[in-house]
Amino acid sequence: MTAGKLSPSAIQDAPRRSMVRRRLREGDLLLRLVALVVTAGALAVIALMMFDSVRTAWPVFQNFGIIGFLTGQEWAPAFTVYGAWPFLYGTVLTGAIALIIAVPISVLIALMVTEILPPRIGQPVAIVVDLLAAVPSVVWGLWGLLVLVPVIRPFERDVAHSLGQVIPFLGPPTPGPSYFAAGLIIAMMIIPIVAAVTREVFASTPRLQREAVLALGGTRWDVVRSVVLPIGRTGLVAAILLGLGRAIGETIAVTMVVGNNPLVGGSIFSPGYTLASVIANEFNEATEPLHPEALIALGVVLLGLAIVVNGAGLIVRRRFERSAGRGR
Amino acid sequence: MAVEYLALLKPTSRARRFQANLIVFLAAVATLLAFVPLAAVAGYLVSQGAGVINLDFFTQDPPGDLSATGGGIRNAIAGTFEMAGLATVIAAPIGILIAIFNAEVGGRIGAAVRFFIDVLAALPSIVVGIFVYTLVVVAQGHFSGFAGSLALAIIMLPVIVISTEEMFRLLPRPIREGTRALGLTRWRTYLSVFIPTALSGIFTGLLLAISRAVGETAPLIFTSLGNNFFSTDMSEPMQALPLLIYRNALNSAYPAARDRAMGAALTLVAIVLLFNLLGRWLVASRRPGGRAGR
Amino acid sequence: MVTATDTGLVARPAAEAARSDKALSPDAVVLRLRNVDAYYGSRRVVRGISLDIARNAITAIIGPSGSGKSTLLRCIDRMHEVVPHARATGLLEYRGIDLYDRRIDPAAVRRSIGMVFQQPNPFPTMSIFDNVAAPARFNGLIKGHGAAADVVEKCLKKAALWDEVKDKLRQSGTSLSGGQQQRLCIARALAMAPDVLLMDEPCSALDPVATLQIEQLMVELKASYTILIVTHNMQQAARVSDRTAFLTMGEDGAGYLVEEGPTGRIFTQPSEQLTEDYISGRFG
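Protein chains in written order, with numbering that gives the first Met the number 0: chain A, 0 to 327; chain B, 0 to 293; chain C, 0 to 283.
Some hints here could point you the wrong way.
What the hints assert, rightly or not - Chain B is faced by these chain A residues, among others (derived, beta-carbon under 10 Å): (1) T250; (2) I295; (3) G298.
No wet-lab data here; the hints were simulated from the structure.
Source: prediction; values computed, not measured.
Ideal Cβ positions, reconstructed from N, Cα and C, are used throughout, including at glycine.
Take these sequences, add in the hints, and give me the full structure.
See the structure below:
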């Protein structure tokens with residue numbers, strides 16, 4: 000169907016156009032109305048769910064105070080004491096470890112695909128990296144639990160007994176499941192998204208700028224250093240934020256390798272807990288008073304964190320795309 | 000020649016050549032590093048799980064006691080497909096309509112909706128589980144396959160909206176504008192023209208959404224809960240592959256549970272990959288309007 | 000950097016020699032092209048170009064669009080091959096060195112043969128100072144801030160931009176007007192101490208005043224550099240260049256050299272009918 004193919008009968012129907020126009024408006028209206036109702040309805044239902052969750056968790060916040068709950072270091076359902084701090088700490092720590100591992104690797108992969116490899120090889124490589132994201136969390140957890148943790152335990156022990164003697168943060172104990180193991184698994188899961196966003200960022204470097212560097216006798220590394228990275232700075236921030244947003248939400252894989260210890264561990268090799276994993280672990284056995292509500296409260300905290308981090312990432316990304324469009 | 004070359008051209012210093020090569024080396028290492036976990040997981044699953052899989056594995060339900068050998072994962076496979084199916088039925092029309100809404104109503108409102116959807120796409124799936132728990136499970140008083148489907152539907156929704164919107168945007172302009180010239184109502188336009196043309200893309204979005212939903216565990220833990228028996232009753236708790244893997248993995252000290260988890264994991268990854276690759280292949284082979292479309 | 004003056008030959012008569020109709024003497028030639036073809040994949044876009052470029056002179060390459068002028072230019076500093084599947088064949092000699100020899104690093108070629116693009120492209124994330132200094136810095140030609148400041152001042156002066164920007168060197172390179180940005184790019188190219196300067200329609204994105212400034216600049220620069228300019232503006236070629244080469248697209252879709260010679264002769268007494276037609280506006 001192209002604009003050029005007006006049928007003769009359509010032209011001859013001109014006198015009836017006023018009737019068609021009315022029907023047209025009604026048809027348009029119907030579509031718009033249905034779309035509006037459905038959209039508003041869907042969003043309203045989701046908003047309702049959020050609100051309901053907050054309402055359910057409210058007694059907990061009332062009891063301990065919002066700040067009190069967030070900074071409370073004790074989690075003891077048996078004594079009806081609930082504090083979110085150990086889980087906040089674990090979420091942030093595992094997220095940071097994951098970023099430290101994943102971001103350099105993702106940036107290098109993005110450079111590989113956009114700057115170094117010819118497109119014919121780069122495309123399949125990009126797809127394989129994206130496939131990492133298709134592996135379900137529970138499968139990562141299974142492999143992590145049975146393969147990764149035993150494999151890295153000697154490494155953990157070595158570090159703990161060498162560097163760890165000087166830096167307690169890197170020290171013993173090293174039972175295996177730990178913040179570090181969780182961070183490592185999360186890193187594998189967020190590499191696809193960080194690499195994908197960074198890839199887009201690098202690919203949007205204007206050709207004119209690249210050629211400017213080359214024409215001045217620059218090497219590939221000069222192009223990256225002078226043009227690709229500086230121009231892509233903002234986009235890179237977006238990629239990191241979005242990666243972090245994904246990291247804090249990982250649940251099942253984390254709960255299988257993090258050690259499930261509701262205390263703030265002293266080193267990265269200590270067993271710990273994250274917001275998501277404690278909810279998954281304790282929810283179905285939460286019989287103590289306020290226990291389910293407290294877990295839902297943790298969920299609300301996680302929700303808030305996810306909205307802030309991902310929202311920021313999306314906003315920064317949009318800002319980058321707009322400036323990239325202008326820069327050409 | 001060599002002497003003049005050095006005098007007249009300024010060769011790249013050894014240090015800079017080393018820098019440039021170093022970057023290539025590091026990037027290659029990083030890329031390989033990313034492949035290693037993928038290969039490791041794939042290899043591990045195949046080596047540990049392949050032996051477990053046989054016809055019985057797919058046609059029998061698991062034993063009541065996880066540590067007992069024998070039985071299969073029939074109820075989990077069935078439950079996964081049942082819940083994913085219902086989730087698709089719920090999410091697909093809503094997702095497409097939201098995409099239409101965004102395409103028709105641009106400006107601030109459309110952008111706001113799009114932002115909300117983007118944030119929804121990034122939400123932790125366990126939070127979605129909590130949502131459905133507080134609204135549905137508590138209200139109904141029990142866990143159910145329906146609640147699980149709803150949770151999966153919420154997870155699938157953003158994926159469908161985003162890919163459908165993308166498809167609409169990729170529609171060739173002659174098609175988009177030609178329908179107006181013909182005096183078609185928007186309604187008819189979408190039904191008869193846009194959606195059929197963008198169908199392969201919409202389908203891809205659905206497949207990718209399904210491949211994601213099928214792998215989710217966290218939202219099901221407190222919505223559909225899990226079930227040791229085969230069930231087609233959506234109002235009862237329902238088993239799903241990820242749940243079965245999870246429970247068996249936590250008991251992996253027992254060899255029987257371990258084997259079951261392996262076989263189930265291999266099955267799950269195969270299903271996820273199937274949908275994922277199918278979706279990608281669909282995108283690659285048919286773009287709207289053909290290659291000359293734009 | 001080796002300039003013409005260093006080779007012991009005096010610079011000034013070079014331009015005059017270029018403008019004469021006599022064949023260029025071997026030591027007046029800085030670039031020799033013999034049978035140069037350029038391809039995008041399997042499609043040939045430039046065919047059989049044989050040309051001598053005179054040093055310390057301005058040579059203009061003119062012709063209708065699609066005649067491969069820019070492509071030819073980009074072959075000279077090996078920028079053509081940057082595009083995937085693009086390649087060039089034939090002999091391209093720079094002061095006796097085969098630039099396409101396998102042993103030669105394209106980046107090295109580009110440090111002796113600089114290029115100014117049609118669209119001014121200062122680095123957006125760098126200040127004016129850094130724009131001029133950076134390329135020379137990362138090529139190791141200058142070390143330390145003192146030396147950099149010297150080079151920046153010298154080059155901005157050579158590009159006739161110094162007075163206008165000397166008080167705002169720290170401002171972003173993109174805060175300048177189009178003509179200023181283009182002169183900034185010229186200054187940046189000069190910081191590499193090249194021997195030859197390639198200019199690909201440098202004024203087409205500029206207003207007439209800026210165009211005139213650039214043209215004046217070119218005439219000043221030819222005393223120290225060899226300039227090769229691609230332009231679709233015949234009047235500009237006539238105004239500015241010492242020699243002119245006319246390219247047009249052949250029936251096979253590839254550009255070829257119709258004729259080449261001193262600018263005065265080409266524009267008043269062209270040997271080829273095609274040249275005459277183009278110059279009198281009958282096509283292109």
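A quick look at each hint next to the structure:
Satisfaction of the interface hint for A/T250 is found here, the shortest Cβ-Cβ separation to chain B being roughly 4 Å, below the 10 Å cut-off. About 6 Å separates the beta-carbon of A/I295 from the nearest beta-carbon of chain B, less than 10 Å, and the hint is met. Look at A/G298: its Cβ gets to within about 4 Å of chain B, closer than 10 Å, so that hint holds up.
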